[in-house]
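Please build the complete structure, drawing on both the sequences and the hints.
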Amino acid sequence: MNWSKLKSDRRIAYVAFIALGLVLAVAPFLVGAGLGNGWVRILDFVLLYIMLALGLNIVVGYAGLLDLGYVAFYAVGAYLYALLASPHFGLHLPAWFILPLGALAAGMFGMMLGTPTLRLRGDYLAIVTLGFGEIIRIFLNNLNSPVNITNGPQGISMIDPIGAGGASLSQSFELFGMQVPGIYAYYYLFLAMALLVVFISLRLQDSRIGRAWVAIREDEVAAEAMGINTRNIKLLAFAMGASFGGISGGLFAGFQGFVSPESFNLMESIMILCMVVLGGMGHIPGVILGAILLTVLPEALRYIGPLEEFFFGRVVVDPADLRMLIFGLALIVVMIFRPAGLWPSKVRRREFSSEAEVLAHEQEALYDASK
Amino acid sequence: MSLLEVHDLNVSYGGIKAVRGISLEIAAGELVCLIGANGAGKSTTLKALARLLPASGKILYQGRSIVQMPVYDLVRQGIALVPEGRGIFGRLKVEENLLMGAYSRSDIHGIRRDLDHSYHLFPRLFERKTQQAGTLSGGEQQMLAIARALMSRPRLLLLDEPSMGLAPLMVNKIFDTIRAISADGVTILLVEQNARLALDVSHRAYVMEGGTICLSGEASTLLDDPQVRHAYLGE
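Line order of the protein sequences matches chains A and B.
FYI, the numbering for the first sequence is 1 to 371, going by my numbering.
FYI, the numbering for the second sequence is 1001 to 1235, going by my numbering.
It should be emphasised that the hints constitute simulated quantities derived from the structure, not laboratory data.
Be careful, since some hints might not be right.
Said to hold, decoys possible - As a list, the in silico DSS-like pairs of lysine-lysine whose alpha-carbon atoms are at most 30 Å apart:
1) B/K1093 with A/K346
2) B/K1017 with B/K1058
3) B/K1093 with B/K1173
4) B/K1173 with B/K1129
5) B/K1129 with A/K346
Said to hold, decoys possible - Some chain B residues flagged as far from chain A (calculated, every beta-carbon gap over 10 Å):
6) I1016
7) G1039
8) Q1062
9) S1065
10) I1066
11) V1067
12) Q1068
13) R1112
14) D1176
15) T1177
16) A1183
17) G1210
18) T1212
19) L1215
20) G1217
21) R1229
Quantities reported herein were computed from a predicted structural model and do not represent experimental measurements.
All C-beta atoms, glycine included, are put in the ideal place defined by N, C-alpha and C.
And the structure:
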């Protein structure tokens, strides 16, 4: 079967598109019927992480700025929602207002992180961003005295669910005579938001700004000589990426009904970064795949316990230990055999491969230089 | 009036003075080269003019000072730089590289026309327009870097060591192109190690030594100057 021919055929593309749409539309019901409602919840988280990973992808994948504190923006969005829609301050502002506000606030925090780090690159930038992520978390942990703002390590609970006009997404609703729990409704909201994020990412990639990001990643001096205001364009990358994180954070807070600082630790940042790198940096389908795998895999590995019982009659190794071990192993194996990510863009694949063409070119360059 | 006037330019790296109070000027339409030995301060001068390095002194472009102007604004003023080591965007396609050169412009039709002009000037780039720029040979990359700079429709083109690391045949080709660009009316400041070639194509030349300008004049005169012949042409 000729894949490229298939790809270029518009009709097949449409059919595939419609099929994908149908699958996405019925996915929660299939998953719910097959694996139970717990997995529908995981599905919701998959969508949330897709948004986060795509946001980080703008900073890391497009602009090439290694950000190890990305979860801070997620936290900003989540806490903003929690503070403005919970009994903690007695405020109950509507979600449609807080979510964009969260994106805006996170974007501002993105610029706050971006401004002092403009001159930093690579490892140094990574260290500063890591510190930034920790600062935000520690602030959230300690801002409960003298004035109680974040309620400290206890976190904020009883957060209003996302809803509009008195209707809440958390309530179960009736569909064709069936009682459908709220997680299904959240699925469609998250799906819509994730599609929006995918759409924005796609548009950015092919835009003037997208090309400017690539240019900066490739050669900053040359990029500036082309007339790119590298400072503003870099800040824009930080702000855009952060605002995706802020939106996701708001959705998370409304969905969970509870936020606490421990949801926003370094491990979370690393996990989101792993999704981007493992899937294929800068390549939207790859990043989505990475987010799906890294959210589903740890959950799926929970079944190791029952499996052990089935095969050995008892639990030999504690599944919680084994789970992270297998997970880490899987990551290492992927990075060894697919260093450019599971589903890299064509360009990156070439960059990591030692194709004859690239080798020949290097030979030629050497030859040129020896003259 | 000169297109570019430089008075008492000083550039230092930390405590080391690399350029010590040089002055030069370039009239519109001229092709001027800056030659000299390794470490004479040629590239440093060019980088300072392109605002990539902090410098003190006066740099007047079209009579206005550009010392405070950010790098990215220079393109809009008509100054384009072909950086040392070419600085092409290896992961972008050849055509995308050229379009990056026109980043500061928004006239789509004009850009399209200039793109065709680039391909006319460098047929090799047309053949490879969908190829990743990083897979081009050194000479092709230099062509791309020059073509990309021209995409901003500069009045003044700053060329930093275009012959670096290239085969002699390729170097000749690049210099033919430089001559052609100059004939098109673009003012060029060329920094070059290969003194003979540079003097061959240029109208005027400045010779640098130890951070100062030690000689200047018509290129043809300098070619015959015994001191230049001895020091830079190896005779």
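Hints, verified against the model:
Pair hint B/K1093 plus A/K346 holds up; C-alpha atoms about 12 Å apart against a cutoff of 30 Å. Taking the CA atoms of B/K1017 and B/K1058, the gap is about 17 Å. The hint holds against a cut of 30 Å. With a C-alpha separation of about 23 Å, the suggested pairing of B/K1093 with B/K1173 holds against the 30 Å cut-off. Annotation: proposed proximity of B/K1173 to B/K1129 holds, straight-line Cα distance about 19 Å (limit 30 Å).
For the given pair, B/K1129 sits about 16 Å from A/K346 by alpha-carbon distance, which is consistent with the 30 Å threshold. Every CB of chain A lies more than 10 Å from the CB of B/I1016, the least distance being 21 Å, so the non-interface label holds. With a minimum CB-CB distance of about 20 Å to chain A, B/G1039 clears the 10 Å threshold, and the non-interface call stands. Every C-beta of chain A lies more than 10 Å from that of B/Q1062, the closest at about 17 Å, which supports listing it as non-interface.
For B/S1065, the shortest C-beta to C-beta distance to chain A comes to about 19 Å, beyond the 10 Å cut-off, and the non-interface label holds. Listed as a non-interface residue, B/I1066 keeps its Cβ farther than 10 Å from every Cβ of chain A; the least gap is roughly 14 Å. At roughly 17 Å, the least C-beta separation between B/V1067 and chain A is larger than 10 Å, which holds for a residue marked as non-interface. Consistency note on B/Q1068: stated as away from chain A, and its beta-carbon is indeed over 10 Å from all of that chain's, at 15 Å minimum.
Annotated as non-interface, B/R1112 keeps its C-beta farther than 10 Å from every C-beta of chain A; the closest such distance is 16 Å. Annotated as non-interface, B/D1176 keeps its C-beta farther than 10 Å from every C-beta of chain A; the closest such distance is 18 Å. For B/T1177, the shortest C-beta to C-beta distance to chain A comes to about 17 Å, beyond the 10 Å cut-off, and the non-interface label holds. Every CB of chain A lies more than 10 Å from the CB of B/A1183, the least distance being 24 Å, so the non-interface label holds.
A cut-off of 10 Å between C-beta atoms confirms that B/G1210 is not in contact with chain A; the least separation is 26 Å. Even its closest Cβ contact with chain A, about 26 Å, leaves B/T1212 beyond 10 Å, as expected for a residue assigned away from the interface. Interface exclusion of B/L1215 from chain A stands, the closest Cβ pair being 28 Å apart, more than 10 Å. Distance check for B/G1217 against chain A: the nearest CB is about 30 Å away, which clears 10 Å, and the non-interface claim stands.
At roughly 24 Å from the closest C-beta of chain A, the C-beta of B/R1229 stays outside 10 Å, upholding its exclusion from the interface.
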